[in-house]
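Number of protein chains: 2
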Amino acid sequence: MTSAAFDPASLKYDDKGLIPAIAQDAETHEVLMMAWMNAECVAKTLDTGKVTYWSRSRQAFWVKGETSGHLQTLIDLRYDCDQDCILVMVHQEGPACHTNRRSCFYTAVREGETVELMEPMV
Amino acid sequence: MTSAAFDPASLKYDDKGLIPAIAQDAETHEVLMMAWMNAECVAKTLDTGKVTYWSRSRQAFWVKGETSGHLQTLIDLRYDCDQDCILVMVHQEGPACHTNRRSCFYTAVREGETVELMEPMV
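Sequence order for the protein chains is A and B.
Going letter by letter, the first sequence gives residues 1 to 122 in the UniProt record's numbering.
Going letter by letter, the second sequence gives residues 1 to 122 in the UniProt record's numbering.
Just so you know, not all the hints are guaranteed correct.
Claimed, not checked - Derived DSS-like pairs: lysine-lysine, alpha-carbon spacing no greater than 25 Å straight-line:
#1 B:Lys16 / A:Lys12
#2 B:Lys44 / B:Lys12
#3 A:Lys16 / B:Lys12
#4 A:Lys12 / A:Lys44
#5 B:Lys50 / B:Lys16
#6 A:Lys50 / A:Lys12
#7 B:Lys16 / A:Lys16
#8 A:Lys16 / A:Lys50
#9 A:Lys44 / A:Lys16
#10 B:Lys50 / B:Lys12
#11 A:Lys12 / B:Lys12
#12 B:Lys44 / B:Lys16
These are calculated hints, taken from the structure and not from any lab test.
Just so it is clear, the structure is predicted and the values come from calculations on it, not from any experiment.
Build the full structure now, drawing on both the sequences and the hints.
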């Protein structure tokens with residue numbers, strides 16, 4: 001096991017300065033959502049423990065759950081071998097999806113048909 | 001539960017025609033890797049049951065494990081509420097990572113330091 005000081009700038013961002021971040025429930029291991037971070041989001045997430053994405057539509061920081069109350073609390077932040085993707089293990093309050101489903105990945109493709117796997121939580 | 005015919009072209013691809021695809025172990029639920037697909041990769045993955053990405057460095061189809069033997073067999077293909085991210089539930093033969101680790105996400109950031117969580121499998 002080796003360790004070294006971490007610098008958010010050491011990750012690889014795309015031409016818009018963004019890196020994909022996968023959120024996984026730290027307890028159930030369900031994949032909840034995928035969104036984007038810039039280097040400042042990575043620093044904020046580590047500093048505050050509140051998972052903070054970059055909203056591409058609003059071009060603004062997006063503290064997950066800040067308005068909905070469905071906060072994502074950081075349990076562990078990991079990144080991949082190529083340093084171009086982040087995995088956040090989180091505690092998710094309520095639904096992660098804006099459709100009120102626990103996970104955004106509620107649609108499957110089975111035998112050529114789309115199948116809805118989850119109902120909204122509320 | 002609703003169902004409808006699935007068309008790979010109905011997903012949202014970026015300006016390079018690509019969509020991020022997260023691979024998760026269908027049994028342990030470990031997140032193994034993230035790579036990219038185009039619409040043809042999605043169709044091939046569903047048709048063959050072998051998870052097929054687009055190699056951005058080689059600009060070619062990449063049937064995961066075709067050369068290494070570390071095949072990814074599709075168990076279930078899902079996509080998110082925005083139709084701009086795929087989650088493949090897979091059976092992974094051996095390591096998913098080119099470093100011979102089971103998962104590409106073997107580095108964590110804890111108290112400002114990077115920590116290696118996994119050793120190579122072989």
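Taking the hints in turn, this is what the structure says about them:
1. B:Lys16 / A:Lys12: Holds, because 18 Å separates the two Cα atoms, which is no more than 25 Å.
2. B:Lys44 / B:Lys12: holds, 17 Å
3. A:Lys16 / B:Lys12: Cα-Cα ~18 Å, so holds.
4. A:Lys12 / A:Lys44: Cα-Cα ~17 Å, so holds.
5. B:Lys50 / B:Lys16: With Cα atoms ~23 Å apart, Lys50 (chain B) and Lys16 (chain B) stay inside 25 Å; holds.
6. A:Lys50 / A:Lys12: holds, 22 Å
7. B:Lys16 / A:Lys16: Holds: Lys16 (chain B) and Lys16 (chain A) sit about 14 Å apart, inside 25 Å.
8. A:Lys16 / A:Lys50: Distance ~23 Å between Lys16 (chain A) and Lys50 (chain A) Cα, so the pair holds.
9. A:Lys44 / A:Lys16: This hinted pair holds, its Cα atoms lying about 18 Å apart.
10. B:Lys50 / B:Lys12: Holds, at about 22 Å.
11. A:Lys12 / B:Lys12: holds, 23 Å
12. B:Lys44 / B:Lys16: holds, 18 Å
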